[in-house]
Amino acid sequence: MGNGGNAGVGGTIGFSPMGYNHAGVGGTSGLLLGLDGYNAPASTSPWHSLQQFATQAANAPVQALTGRPLIGNSSPGLPGSAGYGGDGGWLIGDGGAGGSASPGGAQRGGDGGAAGLWGSGGSGGAGAWGGLGDPSGSGGAGGPGGWLLGDGGPGGTGGYGNPASTVAGAGGAGGSGSQLIGSGGVGGAGGFSNSALLG
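Quick note: the working numbering has the sequence shown finishing at residue 199, numbered continuously throughout.
These are calculated hints, taken from the structure and not from any lab test. Do not take every clue at face value.
To be verified - Label pairs and their computed distance ranges (CB to CB): (1) Ser-49 <-> Leu-148: 46 to 54 Å; (2) Ile-181 <-> His-48: 26 to 34 Å; (3) Leu-117 <-> Trp-47: 24 to 32 Å; (4) Ala-64 <-> Leu-180: 24 to 32 Å; (5) Thr-66 <-> Gly-105: 32 to 40 Å; (6) Ser-45 <-> Gly-105: 45 to 53 Å.
As the structure is a prediction and not an experimental result, all values here were calculated from the model. Every residue gets a Cβ at the ideal spot worked out from N, C-alpha and C, and that includes glycine.
Between the sequences and the hints, there should be enough to build the whole structure, so can you do that?
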């Protein structure tokens, strides 16, 4: 039982080699209950396909009414968008990771999505690398953990400074833990200023 893990979010646009965003692959769901993770590979098992169909059929009316599934992890914000991560399923589901901020300004990373009754909050997105002479953005806040069970998401990393600015971004706040069992998320690491490295 359980939802598959979501794919890793690719790096901020412009920082990875050749400008590519390298996102990971999501995991598949548990045997009896749960949805595959975001960007999960296709399964060849007939039982798995039937289970996914039944879960999606149960989710459809709830998603239409509330904008949130009954069961399932949510999708992350897109890299470079500073978008919020989606909220996880009402019963079982992790919040999506916040999107990283676009470089060249003080844009804050997106906040992680909230979990449902049972699940972990999404991690906050990374803050923007500041433009020439501009401060960098702070990391997004981690999403809160499930109402009963689950950990809060970690805060996003603050954006790095640049040689013309000593102001690096602050790390994002960690998400709150659940009401019953769960830990608060770790705060994000602050960015560092390149001017400090240059002496």
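Identify every previously stated hint that the structure contradicts and give their numbers, smallest first.
1
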